[in-house]
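Peer 1: Sequence:
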Amino acid sequence: MVASLSIRGADFIDEQGRTVQLKGINVDGGSKYPKSPNMTSHIPADGPDALFFEGDSVSFVGRPFPLEDALGHLRRIKRLGYNVIRYLFT
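Everything in the sequence shown is counted per the working numbering, starting at 1 for the first residue and increasing by one.
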């Protein structure tokens with residue numbers, strides 16, 4: 001279910017008029033790197049051209065976790081009390 005929020009002063013308000021406190025979590029900083037081609041953040045690239053790749057040939061499917069595991073991860077995050085995720089993208 002998608003709930004809408006509005007703003008009243010400095011507060012987020014839900015559809016029932018209640019103040020909502022946003023409790024967030026970063027999903028994964030590694031999601032900035034494509035799933036394919038496989039790239040690492042800890043091994044230097046060889047030369048300046050190695051830092052870039054053909055934009056049409058990259059895929060982020062499987063980041064930050066495998067697609068088939070996403071529902072389980074998101075349910076766990078919700079069960080832990082988080083109601084917002086910060087998903088990094090470039």
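Hints in this document: simulated from the structure, not taken from any laboratory.
Just to be clear, a hint being listed does not mean it is correct.
[Claimed, not checked] DSBU-like cross-link-like pairs, simulated, lysine-lysine; straight-line CA separation at most 30 Å:
#1 78 / 35
#2 35 / 23
#3 23 / 78
[Said to hold, decoys possible] Label-pair restraints from in silico Cβ distances:
#4 76 / 5: 32 to 42 Å
#5 67 / 11: 17 to 27 Å
#6 66 / 24: 19 to 29 Å
Predicted model, so just to flag it, every value in this text is computed and none were measured.
Where is the CB? At the ideal position from N, CA and C, for every residue including glycine.
Peer 1: Would the hint linking residue 78 and residue 35 be met if the CA-CA limit is 30 Å?
Peer 2: It holds: about 25 Å lies between the C-alpha atoms, which stays within 30 Å.
Peer 1: Quick one, are residue 35 and residue 23 close enough, alpha carbons at most 30 Å?
Peer 2: 28 Å, holds
Peer 1: Within 19 to 29 Å: is that where the Cβ-Cβ distance between residue 66 and residue 24 falls?
Peer 2: 22 Å, holds
Peer 1: For residue 23 and residue 78, compute the direct alpha-carbon distance and say whether it is at most 30 Å.
Peer 2: 10 Å, holds
Peer 1: Please test the hint of 17 to 27 Å on the beta carbon pair from residue 67 and residue 11.
Peer 2: 35 Å, violated
Peer 1: Can you tell me whether the CB distance of residue 76 to residue 5 sits inside 32 to 42 Å?
Peer 2: 23 Å, violated
In terms of the numbered hints stated before, the structure departs from hints 4 and 5, listed from lowest to highest.
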